[in-house]
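Undergrad: Can you make the complete structure from the sequences, with help from the hints?
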Amino acid sequence: MSTEAVQPGADQPEQRRIGVYICHCGGNISDYVDVNAVREALAEEPGVVVSESPVFACSDGTQHDMIDAIHDQHLDGLVVASCSPKLHQVTFRNVAKRADLNQYAYTQVNVREQASWAHPHDRAGATEKAIGLVRAGVAKTRLSDPLEPLVVKTEPRTLVVGGGIAGLRAAIGLADLGIAVVLVEREAELGGWTGRFGPTFPDNRLGSDEVDELVEQIRGRRDITVYTRAELTGKAGSFGNYDVQLTLHREGSDKLLEVRVGSIIVATGFDSYAPDEGEYGYGMDGVLTLPEFKAMVDAAPSGPLTVNGRPVRSIGYIYCVGSRQEAPGNEYCSKFCCTATVHASLQVAALDPSIRQFHVYRDIRAYGRNELLFNESRDKGSTYLKFADDNPPAVSKLANGTLGLTVTDLLTESREVMLPVDLVVLVTGMVPRQNTSLVELLKLPLGSDGFFNEIHPKLRPVETVVDGVMIAGCCQSPRTVGESVAAGLAAVAQSAALLKKGFAELEPLVARVDPDKCTGSGACLTTCPYEAITSIQWEGRTIASVDPATCKGCGGCVPLCEQDAIDLLGYTDAQMRAAIEELVAAQPQKEPVA
Amino acid sequence: MAATPRVLVFSTINISDPGIDLAGSRHLEYPATVQTMAVPCSSGLKPSWLIHALDNGFEGVFVASDGEECAYLPDCAERTAEIISKAQAIMAERGIPAQRLKMAALCSVCAEPFANYMREFSTTLQALRAETSAA
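Taken in order, these protein sequences are the chains called E and D. If you count the first sequence from 1, position 368 lands on 368 in my numbering, and the numbers rise without skipping. If you count the second sequence from 1, position 119 lands on 119 in my numbering, and the numbers rise without skipping.
No lab work stands behind these hints, which were simulated from the structure alone. Careful: at least some of the hints might be erroneous.
Computed, partial: chain D to chain E, Cβ under 7 angstroms [unchecked claim]: (1) T36; (2) V39; (3) G57; (4) A98; (5) K102; (6) V109.
We treat Cβ as the ideally placed atom computed from N, Cα and C, and that holds for glycine.
TA: Pasting the structure below:
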């Protein structure tokens, strides 16, 4: 057979030369789906000339293999069955582009989120399902038309939601790159949690100073506009050109403001875990949460520490309060709180070295360099007592008015120890902030722990499934100040990557009228709210026509044409019907007799 | 006949499909005989595609629609409902039980509702099988 001048096109579907790659995803797919069986089944499909099952389809090596195969085997279509298109559709479209293959001859098939991960206990079922899904993908590629992306200008401005340290630093980072910023903060003051802190680890700088410094820089910049006591209350448009509505809460009445932005960074922070009344004695005089204690220590003048006028001679810390709980509680570790507590105990030691400090813990996770702070606290006299997960400490009121902290110490032959202390600090972790209206407005995905979900925890750590909407900081998961700022700056880089080009490529998957079928009934003309459909003259007849730049690609007009004259590219009638047929991989079941 | 009924879910790329992805990411298991095809918007589904699926081995069709959240069309819920009505009319004409087609709005984080819908729909279809074979 001649391999020259093979013209791809939906008009010759039977002559397509398609490469199919079924990814193992390093076990994420192949542990639950018989990837080899899928590969073998697909090798039998008409038009499939390459069927492979790489360990990681997205790896650089496999991408090169695909490009080589496209060239060597003269492929005119590509299908990769791996993860959700949200992750790697762009990756493999780029593979196609690099191999001079039309990127819309590529079809991504999701056999991870929608097969292997969903059916971990049904290997045969998941495998059969995957075969059907990949065959449907091949059918879509077989009937695909070569298309080019539509280009739209983007607005070089980013909305930052949240004026904590991550949002403030991100605003400056964006402005440094020449992207204008609108920052909204719900509270009257900027700075969030960090702005209220005194000395913070690892360098003992005052959180309030760090925030003041950022705010000072922002004041001097014309390209950053800040609204405090303001909220994001509306969003229209699409990535690159979002029209957002801000509500400014002002004396007497609310003011509304419309701004056009290209991208949105959400940095709305966290709430501190609020113990229940009675949880480790919470509610008793002298029992404080970590933020309450931190505020007290930060505000204390040098010299004796007092609580309610009484001098504090001893402190007991109970770690992991509200963290690492049994489901349905907070199963995660809040990660910052061990170090924050160790650091606060060093502040106390500096105020008055004679105060006795007892750290009652499950595990100390003062990771990385924070380990040095932990060692320093022991050098300064802090005592550490370890309790078992199933035997937590208890707090009681003693006759003399002080508190009793009772713990079975694993490090002292599991003896029960009762520590009389003046203060008990509950080392509380972070919990997701309740932001229902923002979640609904931006369609932000939430994880099972209630924090916002990024697309990929390692490779795309600040992007969300919503194009042009990034997340940064403790709204994603508990983390330290430094880690939050790093995420803020990652979101800056991603925003810049989207907006600095000045244009975005949009899907050319728009509606198209078949002039031969269109009878000019006009039924579709009023169905498009974007007014993308107009009447034109064509070969002496009046027919409908869709403007590709105005069409949003929803396909809403498609089912309303009595003549079946409208197709949505990428989802044409022929593609959909063929894909439906291919999904049923096994012998179709006999219909129940109606 | 397969133990669990084949179901075709029509999802939407930006709204219900991420919800279905999340169900998988969280390992909320549902029958593997459920397969999904994503389209940009549920208002773009042709009634004939729903019927085509029922004619080609799917016992049930589930439209996971955009509902009020649709970014494209403010009247998406009404449009999708109209598509379902048209498909139902064809089904009635052809004597296909109405229970084989179902629609529900599904949001981008509706992982648990999706898994529940699939288990329930599967049960409904199995009951329908039993009824049909008894009749």
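Undergrad: All hints, please: hold or fail.
TA: Do the hints match the structure? See the list:
no. : hint : result
1   : T36  : holds, 5 angstroms
2   : V39  : holds, 5 angstroms
3   : G57  : holds, 3 angstroms
4   : A98  : violated, 11 angstroms
5   : K102 : violated, 17 angstroms
6   : V109 : holds, 5 angstroms
Violated hints, listed in ascending order, are 4, 5; each of the other numbered hints is respected by the structure.
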